[in-house]
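Q: Line by line, the protein sequences are chains A, B and C.
The numbers in the working numbering rise by one with no breaks, and the one at position 224 of the first sequence is 224.
In the working numbering, each residue's number is its place in the second sequence (first place is 1) plus 1000.
In the working numbering, each residue's number is its place in the third sequence (first place is 1) plus 2000.
Because the hints were derived from the structure by calculation, they are not lab data.
A hint or two may mislead.
[To be verified] Below, computed lysine-lysine pairings styled on DSBU-like, alpha-carbon distance capped at 35 Å:
| no. | chain 1 | residue 1 | chain 2 | residue 2 |
| --- | --- | --- | --- | --- |
| 1 | B | 1079 | B | 1166 |
| 2 | B | 1053 | C | 2260 |
| 3 | B | 1144 | C | 2189 |
| 4 | B | 1211 | C | 2189 |
| 5 | B | 1079 | B | 1039 |
| 6 | C | 2189 | B | 1039 |
| 7 | B | 1109 | C | 2189 |
| 8 | B | 1109 | B | 1211 |
| 9 | B | 1144 | B | 1211 |
| 10 | B | 1166 | C | 2189 |
| 11 | B | 1166 | A | 18 |
[What the hints assert, rightly or not] Which stretches of chain A does chain B cover? Using the computed rule of at least three CB atoms under 8 Å from a CB of chain B, they are:
| no. | stretch |
| --- | --- |
| 12 | 190-196 |
| 13 | 226-238 |
| 14 | 246-258 |
Predicted model, so just to flag it, every value in this text is computed and none were measured.
Just so you know, even glycine gets a beta-carbon here, dropped at the ideal spot from N, CA and C.
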Amino acid sequence: MSLLSVRALSVEFGPRGKPVAAVAGASFHVERGEIVGVVGESGSGKSTMCSALMRSLPDSARVSGDVVFDGQPLMQLSAAQMQAIRGRDLAMILQNPMTSLDPLFTIGDQAIEVLRLRHPGSHAGEKQAVELLRKVRITAPEMRVRQYPHQMSGGMKQRILTAFATAASPKLLIADEPTTALDATVQEEILSLFCEIRDSAQTAIIIVTHDLGVVRRISDRTIVMYAGRIVESGPTRSVFGNPQHPYTQGLIGSMPRVVDGRVELNSIPGQVPRLDQLGSGCAFAERCQHATDRCSRAMPLQRTIGVQHDVVCWHGDGTPGVWREGAAA
Amino acid sequence: MSAATGKPTIRRVPPAGQPLIEARDLYKRYRLSRQHFFKAAPTVLAVDGVSFKVAPGSTFGLVGESGSGKTTVAKMLLKLEPPSAGTLLVDGMDIFAQDRAAERAYRSKVQAVLQDPYGALSPRLTVGRIIAEPLVAQGRMSWKQGESRAAALMDMVGLRSDGLHKYPHEFSGGQRQRIAIARALSVDPHIIVLDESVSALDVSVRAQILKLLEEVQRKLGVTYLFIGHDLAIVRYMSTDVGVMYLGQLVEIGTAAQVFNRPLHPYTRQLVAAGSADTPIRPLGAGGELPSPINPPSGCRFHTRCPHATALCAQQAPALREIDSGHQARCHHIEQIAA
Amino acid sequence: MSESPDARATGLLRRLRAIARWPLRLARKDGPPALATLVCAALFIAALCGTAITPFSETHIDFESVMLPPAWEAEGAILHPLGTDQLGRDVLSRLVAGAQVSLLVAGAAVIFGGVLGTFVGLIAGYFGGVTGALLNRLTEAFLALPFILMALALVSALGPGLWNIIIVMILTNWARYARLVRSEVISIKERDFVMLARIAGVSRVTIALRHVLPNAFNSVAILAVLDVGRAMMLESALSFLGLGVQPPSVSWGVMLADAKSFMGFAWWLALFPGLVIFLSVLSFSALGDWLQSRLDPRSGL
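Chain A with its partners taken away, still in its complex shape (with noise of 0.2 Å):
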């Protein structure tokens, strides 16, 4: 049974006579120590999906959807239930880690404050706040636990975040936009720190992201989404050695690669359709160079073309696409 099993999750905002979805029928699923990337751009959905998931979406959203989390349906949860969860089986790293972290406290007592918090009764010290901090090799523990967060650099707050996160051990981690603030180096870093979690803790790790190039390295599954709707999901390999949706394809090849020694960039023409302006056809169709008639006016329906690949387009079929592969520059 999979750890995390997303049927038709949807959500709306606005008023009912109008809504605009900014997720619309996601169906996906997480097993056990997987890492699965969901990459989108601007208005994708990722992250309102990651709310979601979480159930941390303002009062004003309307969610429907299937959700089965370690069993339990997560939607259906009280608050009472949803509290325990949070925090121990399901955990969450917010987007900035800049702002993230409470600038009156230091890091030791906020490290305590969520030691106890996770370890209800276990009266968590000092000597536990370094410990944390050393899993995920913070240089001098002991000093830094003294220290306040401006005195960090990024990288060094996101680790402390991810270590907050995982302190509990969580059966899942998710992670919105871990890299995106940092230094190409200390992406690096994190990317390593999230491979430790799932070796060490089966901790099962969803990453969002638009970063093209974190999820091809760090993800054993991909799940592409645009316009509130996954278009594409699949191994990493496949998605990105054959990516079959020309959203897909236009996105890898948006990306600088060499081919024969020379760098080449595609760009997707127009731009991202605003949520409150789609039409009842696939949201791709004005962008797509492939499109026909019938794109424009029908949601496509989702298809499986390779081993657990699946594409929401009527012309995807398996067949490798105009796009080629490269190595990345």
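Once you have looked at the hints, place chains B and C on chain A.
A: Chains B and C alone, transformed into the frame defined by chain A:
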């Protein structure tokens, strides 16, 4: 600029061989606020002996992480900050030894497109005014003339000119960046400084803007100083590349040289981190980025270098030429390459 | 650089339309709090028309109708809906006349104090340097002085009276704007579009006026609206202490002062001026709050 069509004209090519931009031993020291009453205020050497040349019509890429000093170099080229030492020549003239008139003229030679599309456009001005402002500020046109030129520029950057009377908040990030580019192009600059100009954009929009910048360079012969932290993009755009670390240039050469055969361990680390084929190494190999206030002794990179020896901690290496124009700052290049 | 007068007029018209668009945009959804708007509107009408709309003038003495309670009381008269005072003067008419004074003083204090303070803050924040530091110290000095003491000192120097009160209010008020604008300007200064304006060759003064000041405007507007209420209360306080407008001019504070001796049995003489002060201040505060919630989230609109 052709008054008839309002379209910018192609750059005249300056004497062959002379670089358009030449930086000679640039230094920039900042004094920070005093931390203790009895100790002197700490200083940061943001730029430490940087030299490079940029040929007209080419793109010079400057790569580095935060604290590397690349933005400070950009600010110096834009005359927002004077160097503490060293000279910066544009078209053969020392830009920090200019009289008032030359300084005013310089403003029409160099323009910039910055990182944040949401902060770059004045929220209370219409787009037409934003694009026309440099022209009017430099006394070349009236507002009315400027706005009609703005319409032509909007066409050039792929925006509909009926947006002239709209406000910035009505546009998306990618569109705003196009507006910023149109504004930069309004005065027909010779040089445009692009400081992380696509970093804040979505991936697909990024590609569009890069292609736009390419097209502009092709048509108008503009020279770019392209600053970025994403190697793939810098590689795509640049003719020559300089890699900076804690204020120093650690490697410099053509894009092909630096990326196909990176010499300096830092460059090699960056290239590996950017490549999708590199497996993720176990933790512990990195180390923290040192504080620019207190840089490591000797070679600044030695605290994070897998090849560091005792020599590296004691003696700072100089930039030396390894291969026709390809230079690197390291004691052990030959051993590492082997 | 020649522009036809037509073109210049169209440009001006366009700019005026842009400015007018701003309050209209506010009026559409999430409208301002209804009661507060009504009260303020009533105040403005009262201030504009003055005693032209009341049956009596505020100085009309009528010994036949001394100390009449409000109309709904036993001895009240319809002609004097809110009663009369010890000289037979109509309370309602005096309230309306007082509205004129209150709004005039508060308005002048806010507008002139605001403009003065904004420019001081702009110069101190944008240009900085020695001038900026001096202006900042000056601002802080004025902020540190207690209002009543300053008012007392100034009134004893200048004497009481309407215009002197306005001067007092301006002098004690400008510093709050200066402080606010200075801190706003310092943060706006660092934003990219200001740097890009420098790169474009725009002169520093033009940058300050075209880019920095308009973006600080939102905060100033919010402060100004909240300030009107505060200014009205302060004027009332001064007048109550006898430092404000002198008879025969009337202000709410003067009415309160007069009512002090009669409060035991002529409760209406104190209640109505007090109520009007309370409602006015509350309404302006509510409007200011609403304005803040409308403007702040959309920074730099």
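Q: Each hint needs a verdict: does it hold in this structure or not?
A: Hint-by-hint comparison with the structure:
| no. | hint | in the structure |
| --- | --- | --- |
| 1 | B:1079 x B:1166 | holds, 31 Å |
| 2 | B:1053 x C:2260 | violated, 84 Å |
| 3 | B:1144 x C:2189 | holds, 28 Å |
| 4 | B:1211 x C:2189 | holds, 32 Å |
| 5 | B:1079 x B:1039 | holds, 32 Å |
| 6 | C:2189 x B:1039 | holds, 31 Å |
| 7 | B:1109 x C:2189 | holds, 24 Å |
| 8 | B:1109 x B:1211 | holds, 23 Å |
| 9 | B:1144 x B:1211 | holds, 30 Å |
| 10 | B:1166 x C:2189 | holds, 24 Å |
| 11 | B:1166 x A:18 | holds, 27 Å |
| 12 | 190-196 | holds (count 5) |
| 13 | 226-238 | violated (count 0) |
| 14 | 246-258 | holds (count 7) |
Checked against the numbered hints listed earlier, the structure breaks hints 2 and 13; every other hint is satisfied.
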